[in-house]
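Protein sequence lines correspond, in order, to chains F and E.
First residue of the first sequence? That's 1 in UniProt numbering, and the numbers climb one at a time after it.
First residue of the second sequence? That's 1 in UniProt numbering, and the numbers climb one at a time after it.
To be clear, the hints were calculated from the coordinates, so they are not data collected in a lab.
For every residue, glycine included, the Cβ atom is placed at its ideal position computed from N, Cα and C.
The reader is advised that the hints may include incorrect statements.
The list that follows gives simulated cross-link-like pairs (lysine-lysine, DSS-like), each with its CA atoms no further than 27 Å apart [to be verified]:
| hint | chain 1 | residue 1 | chain 2 | residue 2 |
| --- | --- | --- | --- | --- |
| 1 | F | K66 | F | K16 |
| 2 | F | K128 | E | K208 |
| 3 | E | K127 | F | K66 |
| 4 | F | K87 | E | K330 |
| 5 | F | K87 | E | K127 |
Covered stretches of chain F, going by a simulated chain E footprint (3 or more residues, C-beta under 8 Å) [unchecked claim]:
| hint | region |
| --- | --- |
| 6 | 93–103 |
| 7 | 239–247 |
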Amino acid sequence: MTSRHDDGADYVLTAKGLTKVFGGIRAVDNVDLSVRRNSIHALIGPNGAGKTTCFNLLTKFLTPSKGTITYEGEDVTNLAPAAIAQKGLVRSFQISAVFGGMTVLENVRLALQRRVHGRSFDFWRSSKCLNSLEDEAVQLLEDVGLEDFLHDRAADLPYGRKRALEIATTLALDPRLLLLDEPLAGMGQEDIGRTSDLIKRVAETRTVLMVEHNLSVVATLSDRITVLARGAVLAEGNYAEVSEDPAVVEAYIGEPNDTYD
Amino acid sequence: MSKQAETTNRTTAIHQSRPPSDARARMTRHHMIVFALIGLFVVIAPQFLYPVFVMKLLCFALFAMAFNLMLGFGGLLSFGHAAFFGGAAYAAGYAAKVWGWPPELAIAFAVLVAAVMGAAFGFLAIKSRGIYFAMITLAFAQMVYFYALQAPITGGEDGMQSIPRNALFGLVDMSGDGPFYWMVVVIFIIGVLFMYRVIHSPFGEVLKGIRENEPRMISLGYQVQRYKLLTFVISAALSGLAGGTKALVFHLASLVDVHWTMSGEVVLMTLIGGMGTIFGPIVGATVIVTMQNYLANLGSLVLIIQGAVFIVCVLTFREGIVGVIAKWLKTRL
Ligand SMILES: Nc1ncnc2c1ncn2[C@@H]1O[C@H](COP(=O)(O)OP(=O)(O)O)[C@@H](O)[C@H]1O
Ligand SMILES: [Mg+2]
Numbered sequence: 001m002t003s004r005h006d007d008g009a010d011y012v013l014t015a016k017g018l019t020k021v022f023g024g025i026r027a028v029d030n031v032d033l034s035v036r037r038n039s040i041h042a043l044i045g046p047n048g049a050g051k052t053t054c055f056n057l058l059t060k061f062l063t064p065s066k067g068t069i070t071y072e073g074e075d076v077t078n079l080a081p082a083a084i085a086q087k088g089l090v091r092s093f094q095i096s097a098v099f100g101g102m103t104v105l106e107n108v109r110l111a112l113q114r115r116v117h118g119r120s121f122d123f124w125r126s127s128k129c130l131n132s133l134e135d136e137a138v139q140l141l142e143d144v145g146l147e148d149f150l151h152d153r154a155a156d157l158p159y160g161r162k163r164a165l166e167i168a169t170t171l172a173l174d175p176r177l178l179l180l181d182e183p184l185a186g187m188g189q190e191d192i193g194r195t196s197d198l199i200k201r202v203a204e205t206r207t208v209l210m211v212e213h214n215l216s217v218v219a220t221l222s223d224r225i226t227v228l229a230r231g232a233v234l235a236e237g238n239y240a241e242v243s244e245d246p247a248v249v250e251a252y253i254g255e256p257n258d259t260y261d
Numbered sequence: 001m002s003k004q005a006e007t008t009n010r011t012t013a014i015h016q017s018r019p020p021s022d023a024r025a026r027m028t029r030h031h032m033i034v035f036a037l038i039g040l041f042v043v044i045a046p047q048f049l050y051p052v053f054v055m056k057l058l059c060f061a062l063f064a065m066a067f068n069l070m071l072g073f074g075g076l077l078s079f080g081h082a083a084f085f086g087g088a089a090y091a092a093g094y095a096a097k098v099w100g101w102p103p104e105l106a107i108a109f110a111v112l113v114a115a116v117m118g119a120a121f122g123f124l125a126i127k128s129r130g131i132y133f134a135m136i137t138l139a140f141a142q143m144v145y146f147y148a149l150q151a152p153i154t155g156g157e158d159g160m161q162s163i164p165r166n167a168l169f170g171l172v173d174m175s176g177d178g179p180f181y182w183m184v185v186v187i188f189i190i191g192v193l194f195m196y197r198v199i200h201s202p203f204g205e206v207l208k209g210i211r212e213n214e215p216r217m218i219s220l221g222y223q224v225q226r227y228k229l230l231t232f233v234i235s236a237a238l239s240g241l242a243g244g245t246k247a248l249v250f251h252l253a254s255l256v257d258v259h260w261t262m263s264g265e266v267v268l269m270t271l272i273g274g275m276g277t278i279f280g281p282i283v284g285a286t287v288i289v290t291m292q293n294y295l296a297n298l299g300s301l302v303l304i305i306q307g308a309v310f311i312v313c314v315l316t317f318r319e320g321i322v323g324v325i326a327k328w329l330k331t332r333l
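All chains should be modelled from the sequences, with the hints used to inform the complete structure.
Next up, the structure:
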């Protein structure tokens with residue numbers, strides 16, 4: 001298959017004509033999306049625009065009704081979600097997804113266990129053999145500022161720390177492309193600052209595609225922005241281009257209930 | 001949170017967290033104590049209880065633990081575990097009676113049969129969830145039941161009777177309850193230790209993760225269906241260990257062992273004892289088996305009492321007996 005974006009070097013992820021129909025509702029409608037390597041690409045749009053559904057399609061948690069997804073030059077449209085994750089395309093969730101009953105260290109160790117250790121089916125071995133992963137886990141947790149919480153239960157962390165833990169867990173998989181669904185939602189100002197710094201650092205060597213409502217963060221962080229409305233791409237470009245697009249301006253004014261400020 | 005509070009919090013966190021978890025060592029110590037108590041019980045029990053009764057207890061405790069591995073640790077509610085328990089009982093009986101195999105081989109054969117059944121049923125059932133999963137496992141178990149009812153080799157309504165306990169390794173006489181008791185004890189201990197290891201293995205960690213947050217495990221690249229299937233197979237195999245042993249204890253494999261009420265009973269034992277706890281199923285099995293034993297002369301009233309106990313348990317302590325005790329002691333048992 002040849003197309004403008006399939007040169008393989010520039011774009012990590014390309015989606016073409018991505019469509020998802022939920023019983024008549026076109027939640028995602030013919031979306032084209034190309035994510036450039038080592039960039040931060042933001043997906044914005046009012047509530048219900050189809051951003052989370054897009055993420056679910058890209059990570060195969062949902063099967064597209066139509067369209068193709070190419071990741072690192074490979075057609076991944078029909079892969080299983082775990083298989084995509086194993087290839088380095090890893091997502092986070094809109095609702096914080098930590099393993100609440102486990103300690104902070106165990107959360108990260110569980111991710112390392114799959115990637116580094118590879119003995120996850122060993123039911124006859126003592127889990128003490130996982131101790132060798134702890135140095136790397138501690139290192140990852142230091143990177144997100146959680147070194148003082150190693151043995152705390154993840155469920156007991158404040159919200160912002162949970163998101164940080166989620167990012168550390170995701171990074172433990174050494175992903176090439178991170179999909180972050182509203183990583184800053186519900187955070188206080190201090191956590192927002194810390195987490196957006198973290199995302200910036202992460203993106204120095206990796207690619208980030210993120211859904212975010214906090215427009216000032218989107219403006220400072222992202223290299224490219226795609227605006228979705230009612231499942232379709234409304235505009236795409238850098239922040240200046242997008243914010244002056246008449247269609248986008250109109251969509252903002254026409255949406256009194258959305259969460260922009 | 002104020003800056004100052006934040007700072008004090010951080011320092012206490014350092015003190016709490018730097019020495020690799022004390023809590024875990026404490027928990028392990030608790031487990032060792034319980035293991036010691038169980039060991040003590042099985043050694044002195046024949047002094048004041050009928051060996052056959054204790055052996056029955058141990059078989060059902062093993063069965064409930066195997067079931068709990070699926071429900072409590074795998075998050076899978078099977079309503080067809082009688083198929084593995086009863087199927088294995090027939091398998092062990094057949095091997096001992098028709099082929100004249102010694103008990104260790106007859107039981108090993110029973111485990112194998114149950115594991116193969118578990119792999120087959122699990123493969124077909126694992127894709128469905130919740131109540132559908134329970135229904136499918138029930139349907140499979142009913143197939144096994146009707147096979148046992150009709151097939152010429154199972155003895156139909158009468159069951160497979162006078163199953164012999166041949167000599168252990170072809171050498172040691174096992175026909176008396178005295179020596180066989182110790183074989184059952186060894187089987188029980190091996191089963192319990194094996195289960196303990198599974199729960200505390202890398203595989204067990206993955207199960208914990210799936211139970212806590214399955215979508216997140218998928219997004220971390222775990223193929224959760226495969227882990228569930230392996231859980232199913234291990235659980236079925238251990239149910240087979242219990243069923244095969246039970247057939248030799250009573251010299252009998254019968255329709256009761258494959259009937260759906262047996263599947264229900266093991267659910268009951270697990271819930272009463274505490275699902276997702278390590279020792280709960282042992283306690284649950286003890287309660288139910290003791291009740292059945294001592295209230296046997298009340299006939300079908302036993303079922304009503306059993307139901308009442310179950311309702312009381314579910315209403316008053318949802319975590320089960322051991323779950324509640326663990327909560328008191330602030331530990332995991
Ligand atoms: N599983 C589903 N079944 C039916 N409709 C859904 C489902 N998931 C999302 N939708 C619908 O698709 C639309 C887009 O939702 P979503 O992707 O969550 O939007 P966003 O993340 O941009 O707020 C909404 O109208 C929502 O109701
Ligand atoms: Mg969303």
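Quick rundown of the hints versus the structure:
1. F/K66 to F/K16: holds (9 Å)
2. F/K128 to E/K208: holds (16 Å)
3. E/K127 to F/K66: OK: E/K127 and F/K66 at ~24 Å, within 27 Å.
4. F/K87 to E/K330: Since the Cα atoms of F/K87 and E/K330 sit roughly 41 Å apart, the hinted pair is violated (cutoff 27 Å).
5. F/K87 to E/K127: holds (23 Å)
6. 93–103: holds (count 8)
7. 239–247: violated (count 0)
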